[in-house]
Amino acid sequence: MSNSILTTHNLTIGYKTSRKTVRCVASDISVSLQAGELVCLLGPNGAGKSTLLRSLAGMQPPIAGEVRLLGENIYKLTPQELAKRLSLVLTEKVDVGMLSAYTLVTLGRYPYTDWWGNLTPQDQAIVTWAIKSVGAVHLAQRQVSELSDGERQKIMIARALAQSPIVMLLDEPTAFLDLPRRVEIMQLLRQLARETNQAILLSTHDLDLALRLADKVWLLSTNGILHVGAPEDLVLSGAFADTFESEGVEFDVASGEFHLHTSHKGEINLIGKGIATVWTIRALKRAGFQVNQNKNGLSVEVITQSRQVLWKITNSQTVYTYHSLYELIKFLNYL
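Sequential numbering from 1 applies to the sequence shown in the UniProt record's numbering.
Hints were generated in silico from the structure; no laboratory data involved.
Please read all numbers here as calculations on a predicted model, not as lab measurements.
There may be inaccurate statements among the hints.
[Stated by the list, open to error] Within a straight-line C-alpha distance of at most 27 Å, the following computed DSS-like cross-link-like pairs (lysine-lysine) qualify:
1. 16 - 76
2. 265 - 285
3. 312 - 273
4. 20 - 84
5. 84 - 216
6. 265 - 330
7. 330 - 312
8. 76 - 20
9. 330 - 285
10. 93 - 16
11. 285 - 312
12. 216 - 273
13. 132 - 93
14. 273 - 285
15. 265 - 216
[Unchecked claim] Estimated spans, in silico, between C-beta atoms of each pair:
16. 266 - 10: 38 to 44 Å
17. 283 - 176: 45 to 51 Å
18. 315 - 225: 16 to 22 Å
19. 283 - 9: 48 to 54 Å
In this text, a Cβ means the ideal position worked out from N, Cα and C, and glycines have one as well.
Please model the complete structure; the sequences and the hints are all you need to start from.
Right, here's the structure in full:
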């Protein structure tokens with residue numbers, strides 16, 4: 001039995017550049033979103049991620065093909081029917097005036113309320129659940145204008161949850177957040193996908209978090225090809241490295257990290273163990289040195305004494321001792 005909620009068939013997306021000219025961004029897209037999965041949409045700037053999200057949300061008609069939500073053409077659903085099935089969180093900050101966080105979340109119930117917008121006890125229970133689900137109970141009575149970016153994003157996700165959708169689409173939900181808040185929001189969305197059995201699709205530039213948390217990755221390249229698979233599958237196939245290949249940067253398959261190309265300054269024989277040695281290797285590579293072990297030549301020994309770390313350099317018969325990696329790198333750069 002298929003758990004597909006949203007599917008596309010031979011979808012071609014793009015936009016008009018003039019009255020008679022249409023720019024195609026990507027074509028022949030046939031993919032699906034599964035219940036209970038967190039899917040990350042990745043790709044370079046300008047690849048068309050936002051265009052794809054708007055097309056999936058029914059905001060932008062496709063050039064060709066179709067998008068189906070539980071088997072129905074999404075562009076034939078009324079706005080109210082669509083809002084009951086799909087919710088959308090955009091990057092742009094919306095000016096909500098003097099609304100409290102609780103009131104903003106109640107707006108997620110608008111597809112279900114009467115003409116006057118009255119909330120039933122069931123509506124209020126869903127709003128309370130949504131706020132609790134994102135860990136924002138303590139924010140409910142505060143004005144939205146007083147919230148930090150991370151707090152505001154939680155409330156926007158709660159509003160989307162209050163719609164009781166089966167699909168949630170988010171465009172760069174962590175764009176304005178610091179690293180701890182980005183991790184928190186991504187983990188929250190993964191948890192919500194599991195608990196609510198929704199299909200959640202988000203576009204993001206947080207490549208490392210996507211590789212660690214996504215059930216599936218949609219990888220949109222600048223040539224309009226959409227690669228789909230588990231994060232590890234796309235790394236192993238080479239699609240990930242090819243998509244983000246650029247001058248001066250390369251994706252290291254072994255570590256799952258992006259490395260900057262730096263000029264080669266020589267080789268260092270490193271002696272030591274433990275976490276201080278790990279970070280010493282990072283510092284040396286960042287400075288352009290190739291790190292070896294158990295070889296002759298210029299040596300750096302990492303010495304950990306209680307809470308203090310020392311770096312001893314042996315160059316021929318001369319020994320130098322430094323108390324920080326900054327001093328060590330500065331010395332090596334002048335050799």
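Hints, verified against the model:
no.	hint	result
1	16 - 76	holds (21 Å)
2	265 - 285	holds (10 Å)
3	312 - 273	holds (14 Å)
4	20 - 84	violated (35 Å)
5	84 - 216	holds (25 Å)
6	265 - 330	holds (13 Å)
7	330 - 312	holds (14 Å)
8	76 - 20	holds (25 Å)
9	330 - 285	holds (14 Å)
10	93 - 16	holds (26 Å)
11	285 - 312	holds (18 Å)
12	216 - 273	violated (36 Å)
13	132 - 93	holds (22 Å)
14	273 - 285	holds (17 Å)
15	265 - 216	violated (40 Å)
16	266 - 10: 38 to 44 Å	violated (55 Å)
17	283 - 176: 45 to 51 Å	violated (30 Å)
18	315 - 225: 16 to 22 Å	violated (51 Å)
19	283 - 9: 48 to 54 Å	holds (51 Å)
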